[in-house]
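Using the hints provided, position chains V and B relative to the given structure of chain L.
Next come the chains, spelled out residue by residue.
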Amino acid sequence: MTDFRRSNRFVGLVLLIGACLLFAYIWLSPWAHREMRDGFTLGFFPLIGAGAMVLCAAVMLFDPLRREVPDGLAGAEWSDAVLALAMLAGIAAYAVAMQAVGFLEATPIFTILYMLWMGFRPVRSAVLLGVLIPIGTFALFTILGVSLPLGPLSSLL
Amino acid sequence: MNTDALYEALSLVFTFKTIMWLVIGVALGVGLGAIPGLTASTGIALVLPLSFMLDITGSLGLLIGLYKGAVFGGSISAISFATPGSPDSAATVFDGYRMTKEGKGRKAILMALYSSVTGDAASDIVVILVAPTIALLALQFGPTERLWLMVLAIALLGALSGRHLAKGLFSAAIGLFLGTIGADPVSSVARNTFGQDWLRDGIHLVPLVIGVFAMSQMLEQGLELLRRTRAVREATMKLGDLFGRNTEGLTFREYLSAWREMGIGIGVGTFVGILPGLGATVAAFLSFGIAKQLFPKKRIGEGSIYGIAAAEAGNNATVGPTLVPLLAFGIPGSATAALIGAALMLQGITPSPRMFQMYPEVIYALFIILILGNFFNLAIGRMFAFFYARLGQLPGEILVPTIMVMSVIGAYAARSDPYDVLMMLGLAFMGFGMRKVGMPEAPLIITFLIAPLLEQNLRRALLITRGEWSDALFGSPVAIGLAGAAALLLVVTMRANIGGRLSRVGRQQDEPTGG
Amino acid sequence: MKTMTIKAVTAATALFGAVAGAQAQDTNYPQQPVTWVIPFGAGGGTDQLARLLAAEADRIFGERVTVENHAGAGGVAGWEYVLDQPADGYTIFNASPTPIITLVSEENPPIEPTDISIVGYLSSYSALLIGGEEAFPDWESFKQAAEDRAITVGGTNSTLLGIANLMDQAGVEVVFVPYTSTGEAVTDYLGGHIDTVATTESTAVTIVPENGRVIVNSSSRPLLPEIEEQLGGDVVDAKDLGFDGISFPRWVGVHPDTPEEVKARVAELVGEVAQDPAVKEAFATAGSPIDYVGREEAAQDYEGLVERMRSAVGLLQ
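Sequence order for the protein chains is L, V and B. Numbered according to our numbering, the first sequence spans residues 1 to 157. Numbered according to our numbering, the second sequence spans residues 1001 to 1515. Numbered according to our numbering, the third sequence spans residues 2001 to 2317.
Just chain L, same shape as in the assembly:
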């Protein structure tokens, strides 16, 4: 990445485009102009929010800090975003699986895979901890009276 593409000005530009699209989307939605009994339209307050975003992003293009590179972006690569999204996708898959097949069934698979992915070794300890942590969590939540999605395994405990 070039320096410009790490600068506040570039961040501002991206945010400006996004905020403008958001503003336009709401402005063009028919509901936004429906008037309520107190005279405000449904879109009035959402548009203030989107409008404020547009304004702040525009200021970022020209304020004194526009050339500075934020610390977080200094060493950042696009692959960071891809990896973060991959991590989130895995978590989302886990969340769906947990609700479908039960907490005790899905969680060990998730914890073992993620521990190994994060680089925890040896594999044997990862498997052991990956099984023990969900059981401990399950026990804790059950004692506290929070119901977690149950699967066939929960009857064994």
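It is worth saying that the hints were derived from the structure and are not from the lab. Some hints here could point you the wrong way.
Said to hold, decoys possible - Just so you have them, the derived chain V footprint on chain B, three or more residues with Cβ under 8 Å: (1) 2071 to 2079; (2) 2097 to 2105; (3) 2171 to 2179; (4) 2190 to 2197.
In this text, all values refer to a predicted model and were calculated from it rather than measured experimentally. Glycine included, each C-beta is placed from N, C-alpha and C at the ideal position.
Then chains V and B, alone, in the frame of chain L:
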């Protein structure tokens, strides 16, 4: 004072059973509070059926102990893992987690504990001494006055925006926008839902806080683990020896030196607690913002015990005062107060102004339990703090996946709405992006909480005055006074910030997230 | 959340039932644990009552009755969840008027409020209009005052809806000031920021008589005698004034495609639970005394309720 009733109350409270339930309540509360997504009100809802089986003092001990413990408990995980256990400890992440990274986690947790207990105890005393008077004062705050209180809170945004004002305000604008998703407050027609029915209830605070604070941190740490940079290895090592014998505790002198911040927390928390509909999260952020504004030299938000003191005294100082409207008028001011009211009703005592005459011993018992709970909170809180501190010694490879699991359950358990989990993950990615570009999270949370209240009160005031803006805005002396204070605050903030900002432009900050 | 075993069993029974004829299954209801779905998170009013009820229901159903919270989308998410489950009576839906209000306020609702078979009402609450004793000694004086100036009425969505329905029929114009919680509305009333407040019976008893009186009960169901007495007696209600009132039920329903025999059996069991002394006592102490309405009457009332809500909701938009 009715001495017979007081004597009866003492004999009711100082029994083995009552004390046992109080201890169980505090321990449960601290434990629940430290788990993301499980807040005081969830905890109380969970034990409500149990409280039905206890006598009145046992039930009050259990519920109030749980409430006190939970409000403090959230700060333990906020400090140790940057994962606020409940939204009200989100403001503690800024200073607390940074201190953990600097190897001062123990000091941070102790500061949080002591300021929580101090704030809680002081506000309890205020409640006992002047409850009816402040309740009457709170009645002066109608829509118009509350509206200006919100403006005052928004005027503090400048202080929480960090060194790049435009980014801070952009973050505030996101919060404002997210806060408008859901039902229109006047007509309850769905708005801004992008055609999604499940957005009709709006975005819930718990998934928002877990996503923006906890999960986005875990993404960042997960990435660091994957990248294996040298910086991380240092940080993990520090995390490892954090709570060894050699780490710094908190000296009494340091505790005392935070008296101003705790004072701010007590004042703000007590008042915010009495007003219905605001809550501990608002109190924590307001106290934090005011302290940061008043004492720029203390570097609040950059790993200072003073920020923790303000935020934690602020959130715990709402605990006693939330009960004031319930006791004075029989009106619960918050979800938690409503549940405590429900517990009283299950015991056959309807909270109402008549309670003081009809059941003076219950009122006194409640007051004694309020005070007593603080001591147990202190003792049990310390134990839990060190238990959690041990968990904090685990290496990141174990901690990160575990906290990810806890965050998923936390987002889910709050309302059992599966969409809350997806929302939390989406917001986590947003939080991750904000962190990368150096955009602070505090303004987002503040406007997300405050802007809807501002809108509701503005529109209520306008409905009441039949659309007369001047009456709706300046209809009472209190309103004019608050408006003046807000204007003054804005001017002071602008001058101080712009002046300070220009002189600081060249200075580097290691991480601008703290605001 | 259903367990996988239960799902498998349900699927198997459904399949088996379809082949072997539904007869045997119907008369034997219930043969497996029953899920009691609440469309709100833990801790709300409906949730508290459901948990008190489920604690006793196991005994009467002879099977485990578990409360499940399916919150979201203004109470509609839980409703949709129920409609997604098999229509076998093992998923029972227990809600307040909130999801109905959500659906009638929506231009294009995802489901219709009539997509449910009502099996009974557990209890009902009314919206009572409360005002100062001196300003509004009776309904006539309130009507007169409303003609002279704009009277403000604060309340939550549902209580305002009840009052709006009444004012609509009475031709009285007032200003409705919506609040997110009863606490805020009552505080503003006590502080004199709004003229009147619309509350439920249980909140009303904390305000009356010290800080006001009941001007009118917007429901056509008479108040329970002990509550009416606490409120000073002789409370004027919508029926007395010749109007069609709304009373807000905590209702119980099942999937509309449930076989008739199962519906009848569920209604019977729910009725038994509602009239159980332990449940009655628990509800009474929780401030929401059981006021059970059986299947036929409730189903009939429900249709009218939806229509009246639909027309009143327009006044609040």
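Item to check | Three-residue Cβ test at 8 Å for the coverage of the stretch 2097 to 2105 of chain B by chain V | outcome: Satisfied; 3 residues make the cut.
Next on the checklist: Taking 8 Å as the Cβ threshold, is the statement that the stretch 2190 to 2197 of chain B is covered by chain V upheld or broken by the three-residue rule?
Outcome noted: holds (count 5)
Checklist entry - Within the assertion that chain V covers the stretch 2071 to 2079 of chain B, do at least three residues meet a Cβ-to-Cβ distance smaller than 8 Å? => result holds (count 6)
Next on the checklist: Three residues or more, CB to CB closer than 8 Å: is that satisfied between the stretch 2171 to 2179 of chain B and chain V?
Outcome noted: holds (count 5)
Hint violations for this structure: none, all hints satisfied.
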